[in-house]
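Student: Residue strings, one per chain:
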Amino acid sequence: MENREMICINCPLGCSLSVSIDGDNIKVSGNTCPRGEKYAIAEVTHPTRTLTTTVRVANRSGSFVAVKTKNPISKEKLFDAMRIVNAATVTAPVHAGDVIIADMLGESDLIATADKE
Amino acid sequence: MLSYDLVIVGGGPAGMAAAVSAHDNGTENILIIERDDSLGGILRQCIHNGFGLHRFGEELTGPEYAARYRKMVMERNIPFVCNTMVLSIEDTDNGKVVTAMNSDRGVFTLDAQAIVLAMGCRERPRGALNIPGTRPAGIYTAGTAQRYVNIKGMMPGKNIVILGSGDIGLIMARRMTLEGANVKAVCELMPYSGGLNRNIVQCLKDFNIPLLLSHTVAQIHGNERVTGVTIAEVDEKFRVIPEKSQYIECDTLLLSCGLLPENELTQAAGIDLDMITGGASVNQNRQTSKNGIFSAGNVLHVHDLVDYVSEEAELAGRSASEYIKRGAVDKKIVKTVSVGKAGGIRYTVPQRIDIYDENDDVKVYFRVGAVMNDVTLTVKADGEVVSGQKKRKMAPGEMEYAVVKKAVLDTMPDAIDIEIVK
Ligand SMILES: Cc1cc2nc3c(=O)[nH]c(=O)nc-3n(C[C@H](O)[C@H](O)[C@H](O)COP(=O)(O)OP(=O)(O)OC[C@H]3O[C@@H](n4cnc5c(N)ncnc54)[C@H](O)[C@@H]3O)c2cc1C
Ligand code: SF4
Chain A
1 MENREMICIN CPLGCSLSVS IDGDNIKVSG NTCPRGEKYA IAEVTHPTRT
51 LTTTVRVANR SGSFVAVKTK NPISKEKLFD AMRIVNAATV TAPVHAGDVI
101 IADMLGESDL IATADKE
Chain B
118 MLSYDLVIVG GGPAGMAAAV SAHDNGTENI LIIERDDSLG GILRQCIHNG
168 FGLHRFGEEL TGPEYAARYR KMVMERNIPF VCNTMVLSIE DTDNGKVVTA
218 MNSDRGVFTL DAQAIVLAMG CRERPRGALN IPGTRPAGIY TAGTAQRYVN
268 IKGMMPGKNI VILGSGDIGL IMARRMTLEG ANVKAVCELM PYSGGLNRNI
318 VQCLKDFNIP LLLSHTVAQI HGNERVTGVT IAEVDEKFRV IPEKSQYIEC
368 DTLLLSCGLL PENELTQAAG IDLDMITGGA SVNQNRQTSK NGIFSAGNVL
418 HVHDLVDYVS EEAELAGRSA SEYIKRGAVD KKIVKTVSVG KAGGIRYTVP
468 QRIDIYDEND DVKVYFRVGA VMNDVTLTVK ADGEVVSGQK KRKMAPGEME
518 YAVVKKAVLD TMPDAIDIEI VK
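Just so you know, the sequences run in chain order A and B.
Under the working numbering, the very last position in the first sequence is 117; numbers go up by exactly one each time.
Under the working numbering, the very last position in the second sequence is 539; numbers go up by exactly one each time.
For the record, the hints were derived by calculation from the structure and aren't laboratory data.
This structure is a prediction, so every number in the text was calculated from the model and none was measured.
Please note: incorrect hints may appear among the correct ones.
Said to hold, decoys possible - Selected chain A positions facing chain B (in silico; Cβ < 8 Å):
no.	residue
1	Ile9
2	Leu13
3	Thr53
4	Thr54
5	Gly62
6	Lys75
To be verified - Covered stretches of chain A (in silico footprint by chain B; criterion: 3 or more residues with CB under 8 Å from a CB of chain B, positions within the stretch not fixed):
no.	region
7	40-52
8	76-85
We put the CB at the ideal spot given by N, CA and C, even for glycine.
Put together the whole structure using the sequences plus the hints.
Tutor: So this is what it looks like as structure tokens:
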């Protein structure tokens with residue numbers, strides 16, 4: 001049995017949540033609404049984050065384009081993802097929504113969030 | 118001289134939203150003037166997500182949010198000029214005059230019936246902070262670092278200390294960590310963080326970056342380049358406690374100590390400013406002390422969510438459009454009351470409410486000066502409580518609002534107060 005304290009980030013109230021984990025039995029307290037419980041369970045079972053960063057544009061010297069993972073990816077894979085993204089380049093023109101790296105780490109597409117003509 | 122119904126100064130989210138809303142209310146002869154090379158404002162460098170949850174019901178990055186508004190501007194064929202800086206605005210007997218400059222036309226002037234000020238804000242520079250020590254290279258505001266990293270792809274340093282826990286500092290702590298830097302600490306002078314909870318969790322806790330509350334940078338070391346900083350705990354009067362100081366080796370110090378609305382133009386035009394917000398003092402339509410000149414977005418007061426910037430700018434754009442349609446005159450005011458504040462409220466926007474024969478509900482935005490738990494937010498008219506709302510928690514980092522109902526304003530009160538009661 002393990003206890004963890006965390007702050008719910010879903011709304012400005014920022015409830016302090018207490019989570020007790022006993023195998024598959026997870027109990028959340030301190031939440032004001034169901035979103036807090038859902039968040040806490042995700043945080044202790046499989047925390048995910050959206051990665052936002054930039055990719056070098058190969059044919060525009062000194063130029064970068066903003067990108068994000070289309071879906072949140074496992075938190076522990078953020079640094080692996082950064083290594084992949086920093087080794088990649090794109091060729092302009094690029095448009096927001098274009099897939100830059102498909103199915104990165106088997107978790108999500110990496111897509112452009114801005115245009116580069 | 119070129120003549121417009123509405124001139125908008127600044128093409129960030131506030132300027133774009135004001136233009137779209139004025140257009141949709143029937144004003145078409147608009148010009149947006151932007152000094153940068155494209156529309157979008159500060160959002161162009163804010164590549165992280167978290168924008169638009171209220172407005173679009175989804176989490177967008179800064180460039181994506183800006184693109185939505187740019188598209189709305191384009192679809193309506195609203196005219197705009199970039200690479201053009203507004204130098205001054207004047208309210209003369211013969212109307213309003215905007216003086217601007219660009220490389221094509223040099224200095225030129227425009228006539229306008231109404232103006233929306235949407236110049237945004239800038240970061241408090243080091244000069245305004247007064248940290249003792251040398252003046253080596255390696256000290257940047259967090260926003261400048263953000264531009265380097267996100268636009269130019271350059272890292273300002275490897276070992277980093279951040280002073281101030283504003284949102285930009287928190288966002289940059291994560292961004293630079295992901296790019297391989299070692300962010301050693303975030304020092305916050307106040308006993309609480311000025312940043313949003315979600316940023317403290319996702320930007321610091323996720324990466325085990327310590328947040329040191331009631332701490333400041335007591336001294337900067339290094340001759341040519343920063344070699345380290347002495348950080349220290351402060352007492353309740355913000356005085357450094359010398360016994361509680363420590364040296365941290367670092368090559369870069371980022372400052373994230375607040376934003377200042379950019380109001381040189383406003384001040385030079387003789388418009389009244391609010392000493393606390395640093396922005397113009399406005400009525401509920403976001404009209405400044407001069408008829409026909411409106412203000413919205415971060416130039417009016419610093420917002421933490423761009424969604425509220427858009428909402429406010431839509432209001433300002435609509436008000437400007439109505440002013441123009443009335444023939445550049447103000448609506449008949451029965452009386453003006455200034456909004457009173459008590460119980461720990463630092464400022465309100467609007468600062469005053471103009472009461473008309475027919476009124477609408479008025480949302481009064483405010484910020485508190487300290488963290489408060491389990492309080493009641495009340496609205497008083499002529500000293501009587503007319504509405505109350507229980508609040509579990511209020512913090513300086515989050516903007517709040519209270520609604521003054523139409524029915525209350527229709528009673529023509531002489532005083533309106535927003536008060537927080539324990
Ligand atoms: C670093 C940072 C991080 C942020 N993170 C978030 C976040 O995670 N989520 C969120 O919701 N919000 C966030 N915000 C807030 C949000 O980005 C701002 O509230 C919003 O951009 C403000 O819009 P604005 O139009 O008022 O100002 P700005 O975006 O600053 O635009 C003002 C524009 O006016 C132009 N201008 C100024 N003076 C002149 C002149 N004299 N002549 C011509 N043009 C002029 C400027 O060039 C600029 O383009 C962040 C803000 C910053 C600074
Ligand atoms: S638990 Fe519900 S009320 Fe509390 S912070 Fe989370 S979302 Fe907000």
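Student: For every hint, state whether the structure bears it out.
Tutor: The hints, checked one at a time:
Evaluation of the A:Ile9 hint against chain B yields a held restraint, the C-beta minimum of about 4 Å falling below 8 Å. Nearest Cβ of chain B to the Cβ of A:Leu13: about 6 Å, under the 8 Å cut. The hint holds. At about 6 Å, the closest approach between the beta carbon of A:Thr53 and any beta carbon in chain B falls short of 8 Å, and the interface hint on this residue holds. Taking 8 Å as the C-beta contact cut-off toward chain B, the hint placing A:Thr54 at the interface holds, the least distance being around 6 Å.
Interface hint status for A:Gly62: upheld, as the beta-carbon distance to the closest one in chain B is roughly 7 Å, under 8 Å. A cut of 8 Å between beta carbons decides the hint on A:Lys75: the least distance to chain B is about 7 Å, and the hint holds. Under the rule that three or more residues need a Cβ within less than 8 Å of chain B, the assignment of the region 40-52 of chain A holds, with 4 such residues. Counting residues of the region 76-85 of chain A whose beta carbon lies closer than 8 Å to any beta carbon of chain B gives 3, which meets the minimum of three for the stated coverage.
Consistency with the previously given hints is maintained throughout, with no hint failing.
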